[in-house]
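Trainee: Chains A and B, in that order, are what the protein sequence lines are.
Heads up, the first sequence is in our numbering, so the first residue is 1 and it goes up one at a time.
Heads up, the second sequence is in our numbering, so the first residue is 1 and it goes up one at a time.
These are calculated hints, taken from the structure and not from any lab test.
Here a beta-carbon is modelled for each residue, glycine too, at the ideal position from N, C-alpha and C.
Please note that the accuracy of each hint is not assured.
To be verified - If you anchor each label on the Cβ, the simulated ranges turn out as follows:
id: 1; chain 1: A; residue 1: I280; chain 2: B; residue 2: Q98; range: 36 to 44 Å
id: 2; chain 1: A; residue 1: F392; chain 2: B; residue 2: H120; range: 28 to 36 Å
id: 3; chain 1: A; residue 1: I280; chain 2: B; residue 2: H37; range: 41 to 49 Å
id: 4; chain 1: A; residue 1: F392; chain 2: B; residue 2: S144; range: 53 to 61 Å
id: 5; chain 1: B; residue 1: E284; chain 2: A; residue 2: R456; range: 28 to 36 Å
id: 6; chain 1: A; residue 1: I280; chain 2: B; residue 2: Y187; range: 29 to 37 Å
id: 7; chain 1: A; residue 1: I546; chain 2: B; residue 2: Y187; range: 48 to 56 Å
id: 8; chain 1: A; residue 1: F478; chain 2: B; residue 2: R127; range: 21 to 29 Å
id: 9; chain 1: A; residue 1: S305; chain 2: B; residue 2: G55; range: 46 to 54 Å
id: 10; chain 1: B; residue 1: E140; chain 2: A; residue 2: F478; range: 45 to 53 Å
id: 11; chain 1: B; residue 1: Q135; chain 2: A; residue 2: S305; range: 50 to 58 Å
id: 12; chain 1: A; residue 1: F392; chain 2: B; residue 2: E140; range: 36 to 44 Å
Said to hold, decoys possible - DSS-like cross-link-like pairs, simulated, lysine-lysine; straight-line CA separation at most 27 Å:
id: 13; chain 1: A; residue 1: K25; chain 2: B; residue 2: K252
id: 14; chain 1: A; residue 1: K390; chain 2: B; residue 2: K197
id: 15; chain 1: A; residue 1: K114; chain 2: A; residue 2: K204
id: 16; chain 1: A; residue 1: K25; chain 2: B; residue 2: K183
id: 17; chain 1: B; residue 1: K90; chain 2: B; residue 2: K123
id: 18; chain 1: B; residue 1: K302; chain 2: B; residue 2: K252
id: 19; chain 1: A; residue 1: K390; chain 2: B; residue 2: K302
id: 20; chain 1: B; residue 1: K119; chain 2: B; residue 2: K197
id: 21; chain 1: B; residue 1: K183; chain 2: B; residue 2: K219
id: 22; chain 1: B; residue 1: K117; chain 2: A; residue 2: K475
id: 23; chain 1: A; residue 1: K390; chain 2: B; residue 2: K183
id: 24; chain 1: B; residue 1: K316; chain 2: A; residue 2: K486
id: 25; chain 1: A; residue 1: K395; chain 2: A; residue 2: K486
id: 26; chain 1: A; residue 1: K110; chain 2: A; residue 2: K395
Stated by the list, open to error - According to the in silico footprint, chain B covers these stretches of chain A (three or more CB under 8 Å from chain B):
id: 27; stretch: 315-324
id: 28; stretch: 456-462
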Amino acid sequence: MDSTVYAGKRRRKSEKRREFLMLMKQPGLLFAILVVFAILILFCVYPIVRLFISCLTDKTGQLNLDNINYVFTKTDFFKAFWNSIKLGLFVGLMATVVGFIYAFAVTRTKLPGKKFFNIMAILPILSPPFVISLAVMLLFGRSGLITKNLLHIRGNNIYGFTWLAIVQILSLFPLAYLNLKGMLETLDSSVENAGRTLGASRLKVFLTVTLPLSLPGFLSSFLIIFAKSLCDFGNPQVLAGDYSVLSVSAYLQIVGLFDLKTGSFIALSILLPCMLAYLIQNYWVSKRSFVTVTGKATGTVELISEKKIVIPLFVVLLLMTLFTLLMYGTVVYVSFVKTWGVDWSMTLDSYQFILKRGARAMQDTLLLSSVATPLSALLGMLIAFLLVRKNFFGKRLMSVASILPFAVPGIALGIGYVAAFNTRPIQLTGTAVIIIVAMVFRTLSIGVETGSNSLRQVDPSIEEASIILGAGNAKTFFSVSLPIMKSALFSGLLNSFIRSMTSVSAVIFLVSVNWNLLTVNILSEIESNRLGAASAYCVALMVMVILAVGVLEFIVNGLFARRRRSYE
Amino acid sequence: MSEGKKNLGAVGVEIRDLVKTFPAYGQKNGEVFAANHVSLSVEPGEMVTLLGPSGCGKTTLLRMVAGFLMPSSGEIRIGDREVTRIPPNKRNVGMMFQSYALFPHMTVYDNVAYGLKLKHMGKPEIRDRVRAILQLMQIEEYASRFPNEISGGQQQRVALARAVVTEPSVLLFDEPLSNLDAKLREYMREELRKIQKRVGITSLYVTHDQSDAMAISDKVIFMRSGTIEQTGTAMEIYARPRNQFVAGFIGKANFVRPDAVHSVSGGQAEITLLGRRMTIGASEECGSEKSCVVMIRPEDVKISAEGAFRARILSKAYFGQYIRHSLEIGGCEIEQMDFTQSNAALQEGDEITVSFVTDSLRLLPGEDKMEI
Chain A
1 MDSTVYAGKR
11 RRKSEKRREF
21 LMLMKQPGLL
31 FAILVVFAIL
41 ILFCVYPIVR
51 LFISCLTDKT
61 GQLNLDNINY
71 VFTKTDFFKA
81 FWNSIKLGLF
91 VGLMATVVGF
101 IYAFAVTRTK
111 LPGKKFFNIM
121 AILPILSPPF
131 VISLAVMLLF
141 GRSGLITKNL
151 LHIRGNNIYG
161 FTWLAIVQIL
171 SLFPLAYLNL
181 KGMLETLDSS
191 VENAGRTLGA
201 SRLKVFLTVT
211 LPLSLPGFLS
221 SFLIIFAKSL
231 CDFGNPQVLA
241 GDYSVLSVSA
251 YLQIVGLFDL
261 KTGSFIALSI
271 LLPCMLAYLI
281 QNYWVSKRSF
291 VTVTGKATGT
301 VELISEKKIV
311 IPLFVVLLLM
321 TLFTLLMYGT
331 VVYVSFVKTW
341 GVDWSMTLDS
351 YQFILKRGAR
361 AMQDTLLLSS
371 VATPLSALLG
381 MLIAFLLVRK
391 NFFGKRLMSV
401 ASILPFAVPG
411 IALGIGYVAA
421 FNTRPIQLTG
431 TAVIIIVAMV
441 FRTLSIGVET
451 GSNSLRQVDP
461 SIEEASIILG
471 AGNAKTFFSV
481 SLPIMKSALF
491 SGLLNSFIRS
501 MTSVSAVIFL
511 VSVNWNLLTV
521 NILSEIESNR
531 LGAASAYCVA
541 LMVMVILAVG
551 VLEFIVNGLF
561 ARRRRSYE
Chain B
1 MSEGKKNLGA
11 VGVEIRDLVK
21 TFPAYGQKNG
31 EVFAANHVSL
41 SVEPGEMVTL
51 LGPSGCGKTT
61 LLRMVAGFLM
71 PSSGEIRIGD
81 REVTRIPPNK
91 RNVGMMFQSY
101 ALFPHMTVYD
111 NVAYGLKLKH
121 MGKPEIRDRV
131 RAILQLMQIE
141 EYASRFPNEI
151 SGGQQQRVAL
161 ARAVVTEPSV
171 LLFDEPLSNL
181 DAKLREYMRE
191 ELRKIQKRVG
201 ITSLYVTHDQ
211 SDAMAISDKV
221 IFMRSGTIEQ
231 TGTAMEIYAR
241 PRNQFVAGFI
251 GKANFVRPDA
261 VHSVSGGQAE
271 ITLLGRRMTI
281 GASEECGSEK
291 SCVVMIRPED
301 VKISAEGAFR
311 ARILSKAYFG
321 QYIRHSLEIG
331 GCEIEQMDFT
341 QSNAALQEGD
351 EITVSFVTDS
361 LRLLPGEDKM
371 EI
């Protein structure tokens, strides 16, 4: 027995060696793997490591824990920590419930206006993070349209847990909705049908079949939103007020008190629960999913049409949607009003203002995002290709490294970039490069994720066919895999672009006099209480995003269109 | 190309002592042999089938020849070139995939031209070659269609055209017919064989379907659990299977335990079967001490008035070319196929007499359990 085990070990070792030799014979592939590794380590792993190091050492580079001691005793760290956790738990739970109601209504009932509700639910993902916060200020704030003008409440205080939670739920529930919708759609509906044929009532089927089978999706949505809430910087910065949370504390330490070390440590402390949530989600919950993709069309669910179920759902969705529309409408409206709450006359003053003050920022945002997006999507697709289709040493590391910048809080990533790249040999702070790089790696996992998913659905023998016909790995990637991944590429590009355009926390420490971004401008306008200008910026940003969707669609379709020629 | 042209450039394939192991599931350091010291050779221009139940390692073997899998040890030669460590795109082999694996974003023409373009061939030459092969496959009119716009049989032809147009030294088939319905399947395998013969290309064909294997190959290699059980022509394997497993996999067979085995020597065995003493063929591996069974093919049971064995009809079913009777003979249930149609009047429960074609009976090493 022992000798066969030994022989097995030895054989596997020689196999590893042969695989390695095979890799050496494919210099292109080897080169790609090495380059990807180098890039990932430099821009994904190193900044986080630097962040750790800078927290634990003093100026001379010696291990020094005074800094941590200071944070624990002299700041309101623990209060902020528990506040963040409480907020995350509450928002995670509520947003998941709302997302589930949405997803259930769309996938399991004969609800009128499904397409419309679907688009409205996704809207908050596509828009800049401040829009809802801004609208809440405009409608319910001290001089809010509803609170002051309609209800005549003076000095209504929106700053604190309640409205922060409401805004986060509104902006984060789409994630739960998309996740749970995907799950409900792929859940083998014949199980539910079986429940019905066995004589169970709708409620019984829902409680005993649909809900238990949805639990993994529920849990994963909860964890994702919990982490997102914790990492969120934009909304708390605007609305948290006295309710201190970690991301804002970190920011204030650095911007207000110029204390990079304390800020770093607080940012890192968000990382811990965030990473924990991601890890549980990735390695535990996702393995317990009941979703089975067989590639076979299973029976369709009998959609619920009973009025007593559909009508309440419809009303709930409609109210949510109207509320969302009210938010966006308010922001658009405000951008055209002279002075909100005082002078309601229509004017283009706000736009003139932002054109004068923010033209540079708009150009920069567009330019930097346009450079970052294709880089991020292409690198993402390449990594997806390597991870799904190739075997090499360190695959797991590559996968984790590519997710890292997405999983860590943006504020931590931003600080990490500052810590890592503000001295020689790689001095990037103040340049456009550092912003582009932050955008590329912050959005990288989107490309990796969408690319991997679409590659997994493509029969690998299509690529093998290309290889056996004599194509190398690069040729196969560009002329077979990439065109097949077209729609994934499109959604990857789109997603990356939107994220780049609307990112705040990761880039707020990276902007400079030379390179400024729209989102940072919006934040400073809100802080200076120039809400009209902030609204105009938001509208401009949304218009740019919508235009970009059209342009991207045009480019991707033109680039990889199926060409039919005549061969005469 | 003229009919029956022998490809003078054809080369053979030689596999020597090939081992491929995979880690066994749930066992640390345990391993499963997908190929356990396999050696075989394919002569130039020959069509060889790797046949066996699923999980026997035949596809793994094919993928090692293609270069998609690295053998754990051993050697693969194509012609006089050792290719074991050469990546698949440099091996000059062609392959037909189970799923056809046509490029969905390219037309039929571009699919076929793909390999030629990679060889940096001139445009006019590519056009001539593609047109010639599409003509040969009778699919020229679909040149500008996309794969999802043509039928399964046509996709099959495109896949074959794409695989042979580059004139690879070996053509590998990975169960290319398994997605077709029965009728088309039969037609396509005739076509495949015709084209393979016409092009004269050395081919290795993987299938778990015995009729595919029998219909198209010069030589059948029967595999099981990573090892080669038997090699030979379809006829040899059908008539003289090495053991009960092979016999049961290729064609139908009844297996009856003999009352006694008196002697086994020189490929002959002296036995007592169902109370009668007889001499039949025997596998070399049958010693008298081994538990052996007698293989009786259903078509070797003849219903005749002079038959020496008394039988009762348990059930009958009509299949057109033949009638299948399930018979009870001396306490054993034996299946019989009657191609004569002269016994159509027999009914369930009838008492009859039957004889065996003793030349075709064979004593084989038995299995503890059949796993088909």
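Trainee: Confirm or reject each hint.
Mentor: Hint-by-hint comparison with the structure:
| no. | hint | result |
| --- | --- | --- |
| 1 | A:I280 - B:Q98: 36 to 44 Å | holds, 38 Å |
| 2 | A:F392 - B:H120: 28 to 36 Å | holds, 29 Å |
| 3 | A:I280 - B:H37: 41 to 49 Å | holds, 46 Å |
| 4 | A:F392 - B:S144: 53 to 61 Å | violated, 39 Å |
| 5 | B:E284 - A:R456: 28 to 36 Å | violated, 49 Å |
| 6 | A:I280 - B:Y187: 29 to 37 Å | violated, 55 Å |
| 7 | A:I546 - B:Y187: 48 to 56 Å | holds, 54 Å |
| 8 | A:F478 - B:R127: 21 to 29 Å | holds, 24 Å |
| 9 | A:S305 - B:G55: 46 to 54 Å | holds, 47 Å |
| 10 | B:E140 - A:F478: 45 to 53 Å | violated, 29 Å |
| 11 | B:Q135 - A:S305: 50 to 58 Å | holds, 57 Å |
| 12 | A:F392 - B:E140: 36 to 44 Å | holds, 43 Å |
| 13 | A:K25 - B:K252 | violated, 48 Å |
| 14 | A:K390 - B:K197 | violated, 36 Å |
| 15 | A:K114 - A:K204 | holds, 25 Å |
| 16 | A:K25 - B:K183 | violated, 45 Å |
| 17 | B:K90 - B:K123 | holds, 22 Å |
| 18 | B:K302 - B:K252 | holds, 16 Å |
| 19 | A:K390 - B:K302 | violated, 58 Å |
| 20 | B:K119 - B:K197 | holds, 25 Å |
| 21 | B:K183 - B:K219 | holds, 24 Å |
| 22 | B:K117 - A:K475 | holds, 12 Å |
| 23 | A:K390 - B:K183 | violated, 38 Å |
| 24 | B:K316 - A:K486 | violated, 58 Å |
| 25 | A:K395 - A:K486 | holds, 24 Å |
| 26 | A:K110 - A:K395 | violated, 45 Å |
| 27 | 315-324 | violated (count 0) |
| 28 | 456-462 | holds (count 3) |
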